[in-house]
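*Asks:* As a plain string of letters, each chain reads:
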Amino acid sequence: MIHPKLAGLVAIASLFVAGCASDVKLDDKNAPVESRPAVSGGANGKGVTDSPVASVDLTKGNNADNSAGRVVYFDYDSYVVKDEYRPVLEAQAKALTANKSKKVTIEGHTDERGGSEYNLALGQKRAQAVLKSLTLLGANDSQLEAVSFGKERPAVQGSDEAAYAKNRRAELVSR
Amino acid sequence: MRLNRRAFTTAAGLGLAMPLAHAQFRVEISGVGATQIPIAIPKFRDEDKVPHPVSAIIRADLERIGVFRGIDTVALLDETSQPNMAEWRSKTADLLLGGSVMRLADGRFDVRAKLWDVVRNKDVGGQSFVVAPGDLRQGAHRVADFVYETITGEKGIFATRIAYVTRSGKSHSLRVADSDGENGQVVITSMDPIISPAWSPNGQELAYVSFHERQKAVVWAQTIATGARREIAAFRGSNSAPAWAPDSQSLAVTLTRDGTSQVYVVGRNGENPRRVTNSPSIDTEAVFTPDGKSLLFVSDRGGGPQIYRTPVTGGAATRVSYTGNYNISPAISPDGRYLAYISRQGGAFRVYLADLTNPEPNSARALTDSSDDESPSFAPNGRLIMYASRSQGRDVLMTTTLDGKIKSKLVSTTADVRDPVWGPFGR
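Chains A and C, in that order, give the protein sequences. The numbering of the first sequence is my numbering, which starts it at 2 and goes up by one. The numbering of the second sequence is my numbering, which starts it at 1184 and goes up by one.
Keep in mind that the hints are not guaranteed to be accurate.
What the hints assert, rightly or not - Label-pair ranges, simulated between beta-carbon atoms: (1) C:P1473 <-> A:S102: 44 to 54 Å; (2) A:T98 <-> C:G1587: 52 to 62 Å; (3) A:T98 <-> C:N1461: 29 to 39 Å; (4) C:V1307 <-> A:A164: 50 to 60 Å; (5) A:T136 <-> C:R1458: 18 to 28 Å; (6) A:A164 <-> C:M1285: 48 to 58 Å; (7) A:S175 <-> C:P1544: 21 to 31 Å.
No lab work stands behind these hints, which were simulated from the structure alone. Just so you know, even glycine gets a beta-carbon here, dropped at the ideal spot from N, CA and C.
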């Protein structure tokens, strides 16, 4: 949402600059005398621009808590759900089967290496691998959504293999 | 208008760092071009009475694009002066730019400049730019465009805008800034990631991916001047990698609603999604070719990620990147000739440039020797590439000329900066 005051300022700014074509060729001999419209008070000018930028602030809203939930870790460059996570996923699948109104989002993540968008796709692949495991274990596809944060939301900071290993993961978040 | 230039050559390999003294504006330009025109830009008359160092901004613009080399001078000069050309020739200047800046009664600024060809002893034209009170830097960039256009006959890009994302703690802000990275203004701030901004072809809107609203990747478009925003793609799964068609009527996006990441084209409000790629692999990061008929995109259908081309209507994909086994983030030059992308070589991610008219598959070359480059983007006249990199532990913005010879570090901010994207001509 644009702040109403800002909207007003933007509107005033556009009125203010309307009709002021401002590129003037300087004649070699005579510097041009431009007639400029008189401007009523308040034009001290701070922030007035021909290309305004209105700011949107999302930080005031409530932030969903996604820290709860179970985590599946992946090997480097791998999208295979390791056997060690079978008990975790079986428990999740059982809970989903028992309660058909229960929904789970699977959030895939990667380590920090590589591009944002390609990592987003790789994280998605991890989330989908977990989703597929859960459906094979009996959960209904409509109870699940696979999404990705790519490298954008690391579990831990750091640029070593220990940090990378903790960040290559899928988190199961109940909704 | 084309002028004969006295070629200026310096010993190759000499690092050229020119810090210009002024508060809030630090310039780091390095490298030596083969031919740079020496230009003297004395301080504009009354420049010290206005908020921005107009002559330093102009000089940095002209040096960044690789065509000019600034000459230090303390001379006093403005657009009404009648400079002694013999004197300037002895200072090895080929061009001389003099000007003034004046705050008008209504708060606007009048930036005036005159350019002289010192070699030919000739006045080659003057220009006056009257700009809104908040647009003084814009006035300086327009003078730089005037000089660039007068000398090269090509359209200048200094008065254009860029967008980038800053990250400070948990706060992510998409900003719009001058082409030199300064004067960044917040378009949207979020406690969750914002990635992949993309300019609409008319420069009025930005599409981007925001994770906050639905706690997953959703594509939005926002009108810059008003802040009005709308969801473009919020299908099941992740929605990302927006790119506008040249006619603004549609966008390419990556959706996962049918399984793995695939490229779709949707209408400008997200309507009528149409799947373009059909593979069991990852297909993402699509960009339109300037004619709007093809998409370049990243796919790992051959193992590692490579860049492919496919008709917008769908169909066979042709591989276009060959350097190594990890090539991502394609950007195509406005004339469609060059492809810039990120290639992983060893553990390093570097900006590469391929000439798409060169049939030799391995002719692409690295433009940098850094190790963490991301997100290359062409200036609208195709003469510079902007990209994100890392320097001294921070994410920074860089520009490079297409020959890789002149590099410039942008944005003097304390926040990490990522995902730069260069806006179109016009504002």
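*Asks:* Now tell me if each hint is right for this structure.
*Replies:* How the hints compare with the structure:
1. C:P1473 <-> A:S102: 44 to 54 Å: Once the Cβ atoms are compared, 50 Å apart, the range 44 to 54 Å for S102 of chain A and P1473 of chain C holds.
2. A:T98 <-> C:G1587: 52 to 62 Å: holds (58 Å)
3. A:T98 <-> C:N1461: 29 to 39 Å: At roughly 33 Å between Cβ atoms, N1461 of chain C and T98 of chain A fall inside 29 to 39 Å, so the hint holds.
4. C:V1307 <-> A:A164: 50 to 60 Å: holds (57 Å)
5. A:T136 <-> C:R1458: 18 to 28 Å: holds (23 Å)
6. A:A164 <-> C:M1285: 48 to 58 Å: holds (55 Å)
7. A:S175 <-> C:P1544: 21 to 31 Å: violated (50 Å)
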